[in-house]
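**Q** Residue strings, one per chain:
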Amino acid sequence: MTTQTNPQARGSSFWQSNFVYSFRKSPIAIISMIVFLLIALSAFFAPLLAPVDPYNQALFDIMDSELPPVWETYGDPRFIFGTDPQGRDMLSAILYGTRLSLLIGICAVAVQAFLGISIGLIAGYVGGRLDSLLMRMADIQLSFSTLMVAIIFLAVSQAIFGSDTFNKYAIVMLIVVIGVAEWPQYARTVRACVLAEKKKEYVDSARVLGFGPLRIMVRHILPNALSPIFVISTVQVANAIISEASLSFLGLGMPPSQPSLGLLISSGFDYIFSGSWWITTIPGIVLVVLVLVINLLGDWMRDVLNPRLYKGDK
Amino acid sequence: MALLSVKDLTVKFAMREQSVTALDGISFDLAKGERLGIVGESGAGKSITGFSLMKLISKPGFIDRGQIQFDGRDIAKMDEPALRDIRGNHMAMIFQDPMVTLNPVLTIGEQMVETLRAHRKLSLEEAEQIAIVKLREVYIPSPEERLRQYPHELSGGMRQRIIIAIALLLEPKLIIADEPTTALDVTIQADIMDLMLELCQTNKVSLILITHDLGVVNQMTERTLVMYAGRIIESGRTREIINDPQHPYTQGLINALPQQTLPGQPLKQIPGSMPSLTNIPTGCAFHPRCAYATSRCKTEIPRTLRFGAVEVACHEVERLKAGQGKAGTGQPAANGNASANGDTSAYDEASTYDEASANGSGS
Numbered sequence: 001m002t003t004q005t006n007p008q009a010r011g012s013s014f015w016q017s018n019f020v021y022s023f024r025k026s027p028i029a030i031i032s033m034i035v036f037l038l039i040a041l042s043a044f045f046a047p048l049l050a051p052v053d054p055y056n057q058a059l060f061d062i063m064d065s066e067l068p069p070v071w072e073t074y075g076d077p078r079f080i081f082g083t084d085p086q087g088r089d090m091l092s093a094i095l096y097g098t099r100l101s102l103l104i105g106i107c108a109v110a111v112q113a114f115l116g117i118s119i120g121l122i123a124g125y126v127g128g129r130l131d132s133l134l135m136r137m138a139d140i141q142l143s144f145s146t147l148m149v150a151i152i153f154l155a156v157s158q159a160i161f162g163s164d165t166f167n168k169y170a171i172v173m174l175i176v177v178i179g180v181a182e183w184p185q186y187a188r189t190v191r192a193c194v195l196a197e198k199k200k201e202y203v204d205s206a207r208v209l210g211f212g213p214l215r216i217m218v219r220h221i222l223p224n225a226l227s228p229i230f231v232i233s234t235v236q237v238a239n240a241i242i243s244e245a246s247l248s249f250l251g252l253g254m255p256p257s258q259p260s261l262g263l264l265i266s267s268g269f270d271y272i273f274s275g276s277w278w279i280t281t282i283p284g285i286v287l288v289v290l291v292l293v294i295n296l297l298g299d300w301m302r303d304v305l306n307p308r309l310y311k312g313d314k
Numbered sequence: 315m316a317l318l319s320v321k322d323l324t325v326k327f328a329m330r331e332q333s334v335t336a337l338d339g340i341s342f343d344l345a346k347g348e349r350l351g352i353v354g355e356s357g358a359g360k361s362i363t364g365f366s367l368m369k370l371i372s373k374p375g376f377i378d379r380g381q382i383q384f385d386g387r388d389i390a391k392m393d394e395p396a397l398r399d400i401r402g403n404h405m406a407m408i409f410q411d412p413m414v415t416l417n418p419v420l421t422i423g424e425q426m427v428e429t430l431r432a433h434r435k436l437s438l439e440e441a442e443q444i445a446i447v448k449l450r451e452v453y454i455p456s457p458e459e460r461l462r463q464y465p466h467e468l469s470g471g472m473r474q475r476i477i478i479a480i481a482l483l484l485e486p487k488l489i490i491a492d493e494p495t496t497a498l499d500v501t502i503q504a505d506i507m508d509l510m511l512e513l514c515q516t517n518k519v520s521l522i523l524i525t526h527d528l529g530v531v532n533q534m535t536e537r538t539l540v541m542y543a544g545r546i547i548e549s550g551r552t553r554e555i556i557n558d559p560q561h562p563y564t565q566g567l568i569n570a571l572p573q574q575t576l577p578g579q580p581l582k583q584i585p586g587s588m589p590s591l592t593n594i595p596t597g598c599a600f601h602p603r604c605a606y607a608t609s610r611c612k613t614e615i616p617r618t619l620r621f622g623a624v625e626v627a628c629h630e631v632e633r634l635k636a637g638q639g640k641a642g643t644g645q646p647a648a649n650g651n652a653s654a655n656g657d658t659s660a661y662d663e664a665s666t667y668d669e670a671s672a673n674g675s676g677s
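Going line by line, the protein sequences match chains A and B.
With this note's numbering, the residue at position 121 of the first sequence is 121, and numbering never jumps.
With this note's numbering, the residue at position 46 of the second sequence is 360, and numbering never jumps.
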């Protein structure tokens, strides 16, 4: 214990090095990470990578509509993944769509995490009536499905604000709706963690040293509850992306002028029986792969960070 | 004037219908720089005494009545912000298990600096300098490096030294140590105790040592309180209590020490176990286990009486004293129904003690 630790290990905590080690030992994690980074980076750099701007309808040529991908007969080398009925380049649309889906997914999860962690910490630490009240609120929230809440809210606000205003703020609306609808997932996990951590002596010793409740919650308990928060975050990003895609598919999400992955899938749906399969299928594959790799990463992370499987020193 | 003066401190826990008394009218004084031991079995109320001195009893517990005068102020009447100033700053506490007392995800340095900066206006560098000085005081080698380490990188003894250093960081007037060495190896126990004794003496810090180890109490403290079922049953100078215990319970504790038994003999136990707080016996709480109990013990709570050099709460202490005198001359301690079979002294022979108590609780 008192022996010399090597200089690299010093300063970084033990689980981090363990984390990196098991990452290198897991081919699934490595492949998922590579695919995720590939999708995320190409989405992030979409304005540089995309051949055309899919939001600028002036650039579309109706003569190019419903061209198949380049490897099919009649494929056009200008449009690698073909075009949609308006003559929009599918590759560009997918890149921009993925960008929107990821943005909405990550921001919605940030909203969820903020709400859920704050409420979970307070409920777990304060306990008593406040805990019961907050957790019953979470139960009520969970008893409505996310989609149901989102559909009602989005449909009502679309009717109130009119579709022009709605379309302008569609991203914000989606982030808020998905964020608010799913906070109980975080709140429950964080609360359970806090209840377990609160009994440990380091919390008593923090109280004995005269620290206030806010400092104990945020600085002492929260860092000890980070592993499960990481794990749910990955799963929740995947869920949020699916929720956004479903809402857009139902016409309650992004406007047709700024298609996300879900909207691209739904816009191709009308043409799938006329043989234009690529409009739906290619964005569909991207969505499935994106959600799959995020879930695989989350799964792997849960195995690594699970304290019950983890045999290291406390 | 006493640094700490506890008067009639009563702590209760609110249960569904009635409340349960965990501490029943505890009173004691502690002078500046004095070291006090609190001993007793598990469940006697030792730790609750320690926590209530900081007013850190979590719900459903509450201080029912009594005063805790610390440095001229009554802690029992203080509000949270005032208490936060006292805790850590003027009073510190050391816990039993150093493996779980430090926060596992913060470095030693972060925890020490945070403690300092929560109470004093200090820059990061100043706080680190103080932390290094304190780590040196507890004989931690290369303290600069330790500041960057996490608790899991250190051994148990090292961690307990660091916890002591954290307790001393703000130069408190009183340290409450709740079984500080129970979780450590015997060899390290002695080191830690020596260190605490040295630090208390050099820094003129008062110490309340909560333990069930009478050897440690003997080595470390000047005065001792013996607790049973939430009451103080004997108090006085440590030397007197160890060498000449008055209360039957204290006598039992001392006879139960392994040193009191010849090799090969069974250890002398006190029969029975500590009553649960929901079911404290009437009268003297110790009477069902006491070899000398009379009918008076079952109904009347004994008052604390000065008896020789110590204060004892026992009805029969004078009779016991007389019996002990006779035992010394080899006569049976014949008077009193409990030791009625008395072939030998009730003090010296474990077998008699057991039989006598069986008699006592049966009648």
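Think of the hints as simulated: they come from the structure by calculation, not from any bench.
Quantities reported herein were computed from a predicted structural model and do not represent experimental measurements.
We put the CB at the ideal spot given by N, CA and C, even for glycine.
Accuracy of the hints is not assured; some may be wrong.
[Claimed, not checked] Quick list of simulated restraints, FRET-style, between CB atoms:
1. Asp-393/B - Tyr-55/A: 58 to 64 Å
2. Leu-37/A - Asp-399/B: 48 to 54 Å
3. Leu-436/B - Thr-165/A: 52 to 58 Å
4. Ser-437/B - Gly-127/A: 20 to 26 Å
5. Ile-615/B - Gly-127/A: 52 to 58 Å
[To be verified] Below 20 Å or equal to it, Euclidean Cα-Cα: the simulated SDA-like pairs (lysine to any residue) are:
6. Lys-198/A - Pro-418/B
7. Lys-373/B - Gly-127/A
8. Lys-198/A - Gln-410/B
9. Lys-199/A - Ala-316/B
10. Lys-487/B - Ala-316/B
11. Lys-199/A - Ile-171/A
12. Lys-612/B - Asp-338/B
**Q** Hints first: check each against the structure and report whether it holds.
**A** Each hint, compared with the structure:
1. Asp-393/B - Tyr-55/A: 58 to 64 Å: Holds - the Cβ-Cβ distance for Asp-393/B and Tyr-55/A, about 60 Å, lies within 58 to 64 Å.
2. Leu-37/A - Asp-399/B: 48 to 54 Å: Holds, at about 51 Å.
3. Leu-436/B - Thr-165/A: 52 to 58 Å: 53 Å, holds
4. Ser-437/B - Gly-127/A: 20 to 26 Å: Violated, at about 37 Å.
5. Ile-615/B - Gly-127/A: 52 to 58 Å: 36 Å, violated
6. Lys-198/A - Pro-418/B: 13 Å, holds
7. Lys-373/B - Gly-127/A: 10 Å, holds
8. Lys-198/A - Gln-410/B: With Cα atoms ~17 Å apart, Lys-198/A and Gln-410/B stay inside 20 Å; holds.
9. Lys-199/A - Ala-316/B: 34 Å, violated
10. Lys-487/B - Ala-316/B: Distance of about 12 Å is within 20 Å: holds.
11. Lys-199/A - Ile-171/A: The given pair, whose Cα atoms are some 42 Å apart, is violated under the 20 Å limit.
12. Lys-612/B - Asp-338/B: Measuring from Cα to Cα gives roughly 17 Å; hence the hint holds.
Of the hints listed earlier, those the structure fails to meet are numbers 4, 5, 9, 11, in rising order.
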